[in-house]
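For the sequence shown, the residue numbers in our numbering are 109 to 212.
In case anyone wonders, no lab produced these hints; they're calculated from the structure. We treat Cβ as the ideally placed atom computed from N, Cα and C, and that holds for glycine. You can take every hint at face value.
Here are the simulated DMTMM-like pairs of lysine to aspartate or glutamate, each with C-alpha atoms no more than 20 Å apart in a straight line: (1) K167 - D182; (2) K146 - D182; (3) K146 - E180; (4) K146 - D171; (5) K167 - D138; (6) K184 - D138; (7) K167 - E143; (8) K167 - E186; (9) K184 - D171; (10) K167 - D201.
Beta-carbon label-pair distances, calculated as ranges: (11) S150 - G198: 34 to 42 Å; (12) D138 - K184: 16 to 24 Å; (13) D201 - L177: 34 to 42 Å; (14) L177 - S209: 29 to 37 Å; (15) S176 - F211: 26 to 34 Å; (16) N136 - I205: 27 to 35 Å; (17) D201 - G151: 33 to 41 Å; (18) Y204 - E180: 26 to 34 Å; (19) N210 - F178: 34 to 42 Å; (20) K146 - I205: 26 to 34 Å.
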Amino acid sequence: RLEATGISGCACARHSYFIPHAMTTHINMDYILCETLKHNASGIHHALTFYDINYQYHKYLRDRVSSSLFLELDQKLEIMLGIGLCHVHGYQDSYYIQYASNFI
109 RLEATGISGC ACARHSYFIP HAMTTHINMD YILCETLKHN ASGIHHALTF YDINYQYHKY
169 LRDRVSSSLF LELDQKLEIM LGIGLCHVHG YQDSYYIQYA SNFI
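My request is simple: use the sequences and hints to build the entire structure.
What follows is the structure, given as structure tokens:
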């Protein structure tokens with residue numbers, strides 16, 4: 109039985125600290141992303157997320173959140189997407205230009 113395919117966490121890119129209660133198995137990524145984006149987020153209108161499958165993960169994120177009773181995202185929050193450099197080279201060249209941190 110496959111209960112989790114790995115472990116994920118959310119950390120502040122500026123200060124390099126992990127967000128409290130934001131470590132989980134991959135099956136709960138929507139939850140930790142929503143909770144992280146609410147943590148001390150007053151006045152924040154833009155968030156930059158890095159995830160090795162960001163291009164696919166975010167396609168239906170807002171649909172999944174809106175259909176959940178337990179998840180919420182600020183509709184005004186603009187989420188900019190990135191894929192870490194160690195992962196982005198494995199994708200199409202167009203993804204490199206769109207998601208690599210070199211160009212964000």
